[in-house]
Structure formats: C-alpha cells, structure tokens
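Mind docking chains P and V on chain C? Use the hints.
Protein chains in written order, with numbering that gives the first Met the number 0: chain C, 0 to 313; chain P, 0 to 439; chain V, 0 to 316.
If you're looking for bench data, these hints aren't it; they were derived computationally from the structure. Possibly wrong hints are sitting among the right ones.
Simulated pairs of lysine to aspartate or glutamate, EDC-like, Cα-Cα distance not exceeding 20 angstroms [what the hints assert, rightly or not]:
| # | chain 1 | residue 1 | chain 2 | residue 2 |
| --- | --- | --- | --- | --- |
| 1 | P | 196 | C | 83 |
| 2 | V | 17 | C | 24 |
| 3 | P | 431 | C | 81 |
| 4 | P | 102 | P | 302 |
| 5 | P | 195 | C | 158 |
| 6 | P | 419 | C | 213 |
| 7 | P | 434 | C | 81 |
| 8 | V | 17 | C | 213 |
| 9 | P | 195 | V | 77 |
| 10 | P | 314 | P | 389 |
| 11 | P | 295 | V | 77 |
| 12 | P | 130 | P | 152 |
| 13 | P | 434 | C | 73 |
| 14 | C | 311 | V | 203 |
| 15 | V | 226 | C | 24 |
| 16 | V | 55 | C | 158 |
| 17 | P | 314 | P | 182 |
| 18 | V | 144 | C | 24 |
| 19 | C | 311 | V | 204 |
| 20 | P | 438 | P | 428 |
Computed list of chain C residues with no C-beta within reach of chain P, every gap over 10 angstroms [to be verified]:
| # | residue |
| --- | --- |
| 21 | 174 |
| 22 | 179 |
| 23 | 220 |
All values derive from a computational prediction rather than experimental measurement. Don't be surprised by glycine CBs; every beta carbon is placed ideally from N, CA and C.
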Amino acid sequence: MTDLAERAARGTPAGIARAVRGLSDRAIAWLFITPTMVLLLGINLFPLVWTVRLSFTSYRANRPNAPIRWVGIDNYLQVLGDPDVWAAMQTTAHFLFWTILLQTLIGYALAWLVDRRFKGHGLWTTVILIPMMLSPAVVGNFWTFLYQPQIGLWNRAIEFVTGTPASSFTMIGSVRLAPWAIVNVDTWMWTPYVMLICLAGLRSIPAHLYEAAEVDGASRFRQFWTITVPLSLPFVMLAVLFRGIENFKMFDMVNLLTNGGPGSTTELASITLKREAFEKWRTGYSSAFAIVLFVTVFGLANVYVKALNRVKSR
Amino acid sequence: MSIRKFVVVLSLACAFALPAPASAQAKKITLCWAAWDPANALVELSKDFTARTGVQMAFEFVPWTSFADRFLNELNSKGQLCDLIIGDSQWIGGAAENGHYVKLNDFFDKNGIKMSDFEPATVTGYSEWPKKTPNYWALPAMGDAIGWTYRKDWFARPEIRAEYKKKTGRELAPPKTYAELKEIAEFFQGRVIDGKKVYGAYIYTERGSEGITMGVTNVLYDWGFEYDDPKKPYRMEGFVNSPEAVAGLEFYKALYKCCTAPGLTNAYMSEGLDAFKSGQVAMQMNFFAFFPGLYKDPNVGGDKIGFFANPAQKKQFTQLGGQGISVVSYSKHREEALQYLKWFAQPDVQKKWWALGGYSCHKAVLGDPSFPKSAPFAQDFLTSMGMVKDFWAEPSYAQLLLSMQKRVHDYVVADKGTAKEALDALVQDWTKVFKDDGKL
Amino acid sequence: MDPDDRAGSVMEARPWAKRIAAVIVVTYALVSMVPLAWIFATAFKSGTDSIAYPPKILFRPSPEGFCNLFTTRSRQPEEYIRSLPPTTDPCDANARANNMVIAGPSNFVPRFLNSLVVAFGSTALSVLLGVTAAYAFSRFRVPAKDDLLFFILSTRMMPPIAVAIPIYLMYRELGLSDTRLGLVLLYTAVNVSLAVWLLKGFIDEIPREYEEAALVDGYTRLQAIRKVVLPQAATGIVATAIFCLIFAWNEYAFAVLLTSGHAQTAPPFIPIIIGEGGQDWPAVAAGTTLFLVPILVFTVMLRKNLLRGITFGAVRK
Chain C
0 MTDLAERAAR GTPAGIARAV RGLSDRAIAW LFITPTMVLL LGINLFPLVW
50 TVRLSFTSYR ANRPNAPIRW VGIDNYLQVL GDPDVWAAMQ TTAHFLFWTI
100 LLQTLIGYAL AWLVDRRFKG HGLWTTVILI PMMLSPAVVG NFWTFLYQPQ
150 IGLWNRAIEF VTGTPASSFT MIGSVRLAPW AIVNVDTWMW TPYVMLICLA
200 GLRSIPAHLY EAAEVDGASR FRQFWTITVP LSLPFVMLAV LFRGIENFKM
250 FDMVNLLTNG GPGSTTELAS ITLKREAFEK WRTGYSSAFA IVLFVTVFGL
300 ANVYVKALNR VKSR
Chain P
0 MSIRKFVVVL SLACAFALPA PASAQAKKIT LCWAAWDPAN ALVELSKDFT
50 ARTGVQMAFE FVPWTSFADR FLNELNSKGQ LCDLIIGDSQ WIGGAAENGH
100 YVKLNDFFDK NGIKMSDFEP ATVTGYSEWP KKTPNYWALP AMGDAIGWTY
150 RKDWFARPEI RAEYKKKTGR ELAPPKTYAE LKEIAEFFQG RVIDGKKVYG
200 AYIYTERGSE GITMGVTNVL YDWGFEYDDP KKPYRMEGFV NSPEAVAGLE
250 FYKALYKCCT APGLTNAYMS EGLDAFKSGQ VAMQMNFFAF FPGLYKDPNV
300 GGDKIGFFAN PAQKKQFTQL GGQGISVVSY SKHREEALQY LKWFAQPDVQ
350 KKWWALGGYS CHKAVLGDPS FPKSAPFAQD FLTSMGMVKD FWAEPSYAQL
400 LLSMQKRVHD YVVADKGTAK EALDALVQDW TKVFKDDGKL
Chain V
0 MDPDDRAGSV MEARPWAKRI AAVIVVTYAL VSMVPLAWIF ATAFKSGTDS
50 IAYPPKILFR PSPEGFCNLF TTRSRQPEEY IRSLPPTTDP CDANARANNM
100 VIAGPSNFVP RFLNSLVVAF GSTALSVLLG VTAAYAFSRF RVPAKDDLLF
150 FILSTRMMPP IAVAIPIYLM YRELGLSDTR LGLVLLYTAV NVSLAVWLLK
200 GFIDEIPREY EEAALVDGYT RLQAIRKVVL PQAATGIVAT AIFCLIFAWN
250 EYAFAVLLTS GHAQTAPPFI PIIIGEGGQD WPAVAAGTTL FLVPILVFTV
300 MLRKNLLRGI TFGAVRK
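Isolated chain C (complex conformation) (with noise of 0.2 angstroms):
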C-alpha cells in the first residue's frame, strides 16, 4: 500500500500538493466533515423526507403513470388502525425481548469466563467469533436445511438428547416454535458480537480497584456485584442498545428462515413492510408504515441513551 502511495504521491501535481498542504485548520474541518454530511444528506435525510412526503399521497411505485392522489393523514389512520399492523408490532417486540435478554445473559457469561484467560483464550474466543461474520440472510436460508425434521440435524440432535422423536415436532413450521425458533438463530448468530463488547467492558476496569478490594478483604463474589457489574454496565447496555436497533430493523435472516410463516406468526415489522412496498406496491402506505416505525424506535433510543448517558457519568 506504502508503495502505491509513494507512486501515486509521485504523480500528485506539485502545484495541488502545495496548497494542500498548506491548508487552515478551519479549511481542514469542512474538507473533512463535508463529504461525510453530503453522503448522509444524499441517501438518508433527503430520502427520508421524500418518505414524508410520500406518506401522505396514494403513490404506487409500480405504476408510475398514475396521477398522485394527496390523502392527508389517511394513510397514518390506516397504519395505526390496522390490527396485522399490530400484531408484527408484537411479534417483533418478542423477538426483540428475547434475543436481547438471551445475548446479554450468554454474552455477559462467556465474556466473564474468557476474561478468566485460561490457556487459549483467545484462539476460542476468534471460534466463537465466527457466526457472526455469516450472512444473516444465508444463515437464515441454511438453517431450513438444519430445522427440516426428516433431513435436518436439529430435530435428530434434540432428539439425541431428549429422546422425543425427530418427526414429532417441526421448529418452523410450527406455530408455537417457530417464534423461537429464530430467536434461537439469532442468538447463536449475535451472542458473540455481545460477548465482544462485555470483554471489552471487563477489560476496561483497572486492575487496581479489584486490588484494593481483595486488600481490604472482599470476598470475589463481593467484588463481582459492587466492581464488575457496575463498571461493566455501560458496555453491556450499550451492546442491548446496539442489537436492540439492529433486531427492530431485522428482515433478511427471518425472511429466509421462515418468511414470516406459519401464517404471520413470525412475521416482524420488516417484513410486512417489504411486502406492502414492494410486492403490493402501496408505496404511500408503506411510506407512513416506514416513519411510524422510525419514529418508534428514534423516540426508543433517544430515551435509552439520555440512561445510558446517565448509567457513564455515575
């Protein structure tokens, strides 16, 4: 890279170089931060707006001839009053609950016991990293292949273990398992990723207050509660807000995994967002689905971080 630098600083006018070189502070911070502003201005807040706009016509993108009825609120009312709308509301919030509740424990857990660095901590923690840098949306699609009863390994490893036969029970087709059936996907696929930002949290308290502590005699179940969980805290929480933003948006790995199925019992805001923009091509309706749900999860976040705020400076 160094080298291919050096030539192509070589072909650098000099004269470019110069001025470059010379620049102000000030001249240097918008050259920096403008690009980046310019980009988010580009392909989020005017898109976002455009969105706005749209929510409140009659708009449908796959018929683009059609003259663009302006119906107000209509489409807000139609949202809101609609009880499918609803119920993929609830379906994601328990799958928002659980995965998050699950990662957090598990991650919390591994991180603890990887930060007791055994021999060869850190090659089995790169192993347990790897799920997570897996598609989540080819994820979704194998593990069909592993939930399949007659074909699948799942059912037969459940079946190792528990004993109730492989054919007697389907995770995804079922209504009652399928729910966790893809919490239980995407815990496998995320726990790692908590896990890494909980180690990141238990390596950040100094050693010396763990120090001071054994020296005034507390016991490391002692320690454990009044050192480590608060001072880790900030990490941990900041790991739920991050998964708890990505699992709201959750689309590909569900989608692939069971489609939303049986009937809409997985079926997560996402989804039933995908399939009024672009297979019914309601796209104003779709457009005011899109700023509900945003403003859900802004208004969400805004209130989890003035705590997390709160939960740094203690």
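Using the frame of chain C, we list chains P and V on its own:
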C-alpha cells in the same frame, strides 16, 4: 492520512465502483424466466434460434419463490436486463396497463402469427388483456396446470391392494374424486414401505409467494368457489365465501392435517419434488411442467410413477399454470427479441419444444393425434387444459394474491380462526383492493 | 498499566476457576460450531446424501456441491451422453452420471466479484470518511456538534426496507439501479455513522498534546495527522474496518431490492441456488463456505486488533 493515500484510496474505490464499460456490440438478447426443468429445455431449444439467426442468447433464471419479486421489481424499475421475459400469467394485467410489455398485435399480423393456431384457453390465459378481447401482450409459451403423480409401484403391490380392498371395499386406483383421494392418503399415511415410514399426500403450503393459493384453489374450484358473480363482475360476497367454498377450505385443511408429511408448512413445487423423489409420499400435487423430469428420475420414474388429473368433487377444475413470452418495452434489442418470438411460433419449433420437455400450446402439437400417446402424462395434460381456471390477472393481482396467501395460510397452517372467518376476511380484503382500484 | 497484563497480580483467577471456565467456553465454542461443521460437510456431500433421511454423518465425499456451484447444467437424453468423448474433469463426470451436461459457468463468480468490489470499496470509503469526520469532530469546534453526532447515529435506525423505498425511486431516476456504484454509495452511507462514532472514540483517546507538539515542530495539520494520529489510531481503524466490512460483505436487503443481473452480490444469490427440484443443498453449502472464507481470513489475521481496538474504543468514553 496523507493526501497521497487519500487520492489512492478514493481513486481505487471509484475505479472499481464505476460500471464496467459496455462490451462489444455482439448481437445478444437476454431471456428471463423461472429456474426450473422447462427453462433448461428452453436453453437447449434456443440453440436452434442462434443457429438460424446468429443472435446469441443469454438467460437469467430465478427460482419460483423469488421469481415474482425479482422480475416485477425489474420491470417496475424499468430495468434493461431482460429483453424477453416469460412472465407469469397473472402479470399480464399489470404489465399491459403499466407499459412493461410490448403490444404484439401488429407484429403478429405482419408476420402471419395467428392466435387461432394456439389453444384458446392458453390464449386467454397467457396473452390477452383485457381478458376475452383481441389484445395480445404475449405469445403462449408454456402450457401448464396442476396435476398429480402417484407411486404406481406401491399401488400395484398385491399386499397393499388386498389391504386397501379389505379396508374400503374398493380397488386401489388413481382417485377420481377428492373423497377418494383423502381415503387413499389416509391409507398410506404412516405406513411402512421398504423399511421407511411414508405419508399419504403432498400438497402446497408455501406462504411467501403464491404456493398455498395455487394448491387450495384446486380444491375450492371443485367445491364451487367462484371469484365473483358471473353476472356482476367484482361482486364477491356469496361467491368467494359461499358455504360450499367454506366446506372446500375446511377439506384442504383436513387433508393437510391428516395425511401429509411433517414439517412441510412452507412447501411449494421443489419441496414436493424432493418429497416424492426421496420416496416420502404416495401422491404429489404439482405442475405438469415437472412430469417429464419425474418420469426420467432414476429413483421413482419409469414404471414406478403414474399420473392423474385433478380429481373432481361437485365440479371438476384445475388451477391454470403456464406462461406466455413477452417482449419487454424497455429492452434495447426489440428487433432481435421479436425475431425470437417469430422463430418460437413456428410449428416445427413447437414440436421440438414438446420433445425436449416444454409444454407447447400450439394446436399443431396438442391437436396431433399422436400427442396423447407421446408421453404417459400427455392425455391427462390435455384433459386438464380443458378444465382450467385461473386466479385474478388484474393489475392489482399481487395484492389480491398476497391477501389470499395470508388468510388461507393463517387458517390452514397456523390454525387461526375458522374457514368462514378466513374467507369473509378475504372478501373484505379484495373489496378494499377493488375499491382502491376504482373497479367497485 | 496495560490491562492485558495481569500475570502475577492478585487478580489472576485461581487454577480451578480457570479450568472450569475453559471447559464451559470450549464446550460453547464447539457446540456453536456444530451447525457450521454440518454445512461444511454438506458442501462435500452428493445431492442424494445431503437430503438423506435420516441424515448421514458418514458419507462418501463428492465434488457435486462445488461443481454445481460453479456451473449450469442441462438435462440431455442418454444416447447423447453416451455419444460424448470420455472426460477427465470430475465435474463433467459428475454431471454425466446424473444424465446432464455442463452448459456453462454459473453466476457465482461474477456475484462473488461484485461482493468483493462493493464490500471493500464501500469499507475503504467509509473508513476514509469516518476517520476524517471523526477527527474533525474530535479536535475542532464544530457548530451543533452533539446534534450532528446524534443525527449521524439516527441514520442507523431506519429499517433498511424503509430506506429502500425512496432510494429505489431515486436510483431509478438517476440510473443507479443495478449498479455497483449505487450499492457502494448506499453501504458507505450506512457504515459511515458507525465509523464516525467508533473512530471519534479512538481519536478522543489520543492526547492532543502529541499533535500540538508536532505542530509546534513545524508540521502542518495534515502532516501531524498522518505522522501522529493515524499510527496511534491504527488499531481502532482496523477494528472499524472489520465491522464495516462484515456489514457490507453480508448485506442482503438492499442488494436484493436494488440490484439485478449486473451488480448483484453473493448474498442474494446463494440462497436461491436450486438444483433439479429443491434447493441444491451441497451447492448452497459450498457457496456459504466459500463466501465465509475472505471474511474469516481477514478477521483472523486482524483479531488482535479487533479485541484491543474494542478495548480502547468509543465505548470507553
């Protein structure tokens, strides 16, 4: 970071990201279809086109479960990937009204292609919009309908025949009615054959695209379901949710619960092929398109496989499948694409199409006296094509379809509510769609 | 004191605690690897073995998965197959055994290349923009800094499907549909928020005094950045790059909605590889395995940076 590195990184990223320069102007057209057996046959057949005209063919095939999503997206974004598209029969309305397909009437007239040379059911189903008017947007390419396969070898075993006769008093034979089909399915459900547990029937239950609808309509039509009042279009109350339709939907659920393999809660065409080929089921519902491949299968083909048309109940219908081939209006190679249509419409090409495994819609093939004997499923195919019924082909068909997918899957697979509630909700959904469209 | 170095301090865990911890962690690691190991094995199974019922743990390896991944095949009549000259290519032989003939290459390689271009391109761009913007936010007085930073974070909160609706319309108008540039811009826009936040944290950790000293010594600001800040932030930059790369490499929703034949990446392609009936599981497994390799190599090579980068990261503040 120094300016040097900035420049290098940025130019590298941009250089790679910018679209590659257009390749040389070799005449090439792209045909888009679903990825299944007949598509492979078409690739083979198209070599003849290239030989005759010198135009190269490229193909873009996508599995059925993503087919509508991907190509409707493509058409709606005015994509130029496809020059020719073999779109689903239900897309005709939307494609015609939104300007995605090229209207073919003039082209047909100039080139002597007559719609009267093709089976009327296929012309109405795959080419016309509005229906029953002489406005053509596609050339009928692939005739298809739902049919059934069964394990002829199991049906032939003496011990099985004897037991069936003892249990029901009838001979074991391909069912003529759905009542018989359910009886046979119950008989085979859970039976151990050749050391493995097998199941009675395979029916469609797919949630995402169109699977369960394509399955349930075969039963609903037979029970008396109608899409709307024949005298008053779009009036659905009492026709979609008539007591007969409710009974039909209940039957489909009963069949699903009693007599199918476990775990198939989101199953469409390919899962059916897997289930049948791996010896899990006695009878399989699937499209005729797959029957040539199944007949040649080393495990279950040849003498082991038999076919029958969709059984009757009060009436006898079967769900129409099949597609027509259209020219995409955004294509840059319209002339060559039209040439392909002209070539494809010729009787000798149509005959070769059938020989390779594609279901021609041309009268020269279907009307030929040797056709019924040309394959074990040919007669059933002819019978079926004579009793087809199709789903809505309106421009808003996607909403109508997705609504039916949800209501039916919720009831049949997810055990939500009753059949009457499902169909009532469906009428409400569809009424709303038609109101939005201005049809009601 | 380097937090990594606790050897000999009173804080070292007791030997039996270490052993128990090791057992639990290793068990978890192995159990969580089982699904992947199964997929890896499936890549080497023949089609029939992969859908064997009950599932086969011992099997004869077959090149079918990888062959099917890279080729398209068409069914031919037996006489034609018999008439072909003998072949030494294992993929050819495999196809013929199933009454098929190789018709040409599949779309896997183009899709994989698209993934490489789009993922690495957008990562490079995100890191570039992220470093520069993070530095500016960290060192300079920018008006409405906190608001801007929250705005940047909030761009991550829209579900991708929601963002896709107007982007789809916008790209249609601009002709960016189904282009790699379009996808690169989009991924960069999504990643830059994470990049700015993470990198600001890292850069905040670096004491200003070092740059001040360099400036006093006569370096320009840009030279100071290059000589002082970047080397210190290197681990943070690497960690950020890894996260950005993982996102861009594995992204599916935008790729499937906004690209088609030309610019499509691998994630939309792998789950739809079907064989002669159902999904071609050996080929899907082969695709999954190959697709994992670049990320795995990248992350393993840089894993020390990953852990240390997180330790000193934005989370610290």
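Evaluation of the provided hints:
1. P:196 with C:83: 39 angstroms, violated
2. V:17 with C:24: With a Cα-Cα distance of about 52 angstroms, the restraint between residue 17 (chain V) and residue 24 (chain C) is violated, given a limit of 20 angstroms.
3. P:431 with C:81: Holds - the C-alpha atoms of residue 81 (chain C) and residue 431 (chain P) are around 13 angstroms apart, at most 20 angstroms.
4. P:102 with P:302: With Cα atoms ~45 angstroms apart, residue 102 (chain P) and residue 302 (chain P) exceed 20 angstroms; violated.
5. P:195 with C:158: 18 angstroms, holds
6. P:419 with C:213: Answer violated: residue 419 (chain P) to residue 213 (chain C) is near 71 angstroms, above 20 angstroms.
7. P:434 with C:81: Holds - the C-alpha atoms of residue 81 (chain C) and residue 434 (chain P) are around 17 angstroms apart, at most 20 angstroms.
8. V:17 with C:213: With Cα atoms ~19 angstroms apart, residue 17 (chain V) and residue 213 (chain C) stay inside 20 angstroms; holds.
9. P:195 with V:77: Distance of about 31 angstroms is beyond 20 angstroms: violated.
10. P:314 with P:389: Distance of about 15 angstroms is within 20 angstroms: holds.
11. P:295 with V:77: With a Cα-Cα distance of about 10 angstroms, the restraint between residue 295 (chain P) and residue 77 (chain V) holds, given a limit of 20 angstroms.
12. P:130 with P:152: At roughly 43 angstroms apart (the allowed maximum being 20 angstroms), residue 152 (chain P) and residue 130 (chain P) break the hint.
13. P:434 with C:73: Holds. Residue 434 (chain P) to residue 73 (chain C) sits at ~15 angstroms (cutoff 20 angstroms).
14. C:311 with V:203: 16 angstroms, holds
15. V:226 with C:24: Within the cut-off at roughly 17 angstroms; holds.
16. V:55 with C:158: At roughly 15 angstroms apart (the allowed maximum being 20 angstroms), residue 158 (chain C) and residue 55 (chain V) satisfy the hint.
17. P:314 with P:182: OK: residue 314 (chain P) and residue 182 (chain P) at ~19 angstroms, within 20 angstroms.
18. V:144 with C:24: 16 angstroms, holds
19. C:311 with V:204: OK: residue 311 (chain C) and residue 204 (chain V) at ~16 angstroms, within 20 angstroms.
20. P:438 with P:428: 14 angstroms, holds
21. 174: 5 angstroms, violated
22. 179: Holds: least Cβ distance 15 angstroms, greater than 10 angstroms.
23. 220: 47 angstroms, holds
The structure shown violates the earlier hints numbered 1, 2, 4, 6, 9, 12, 21.
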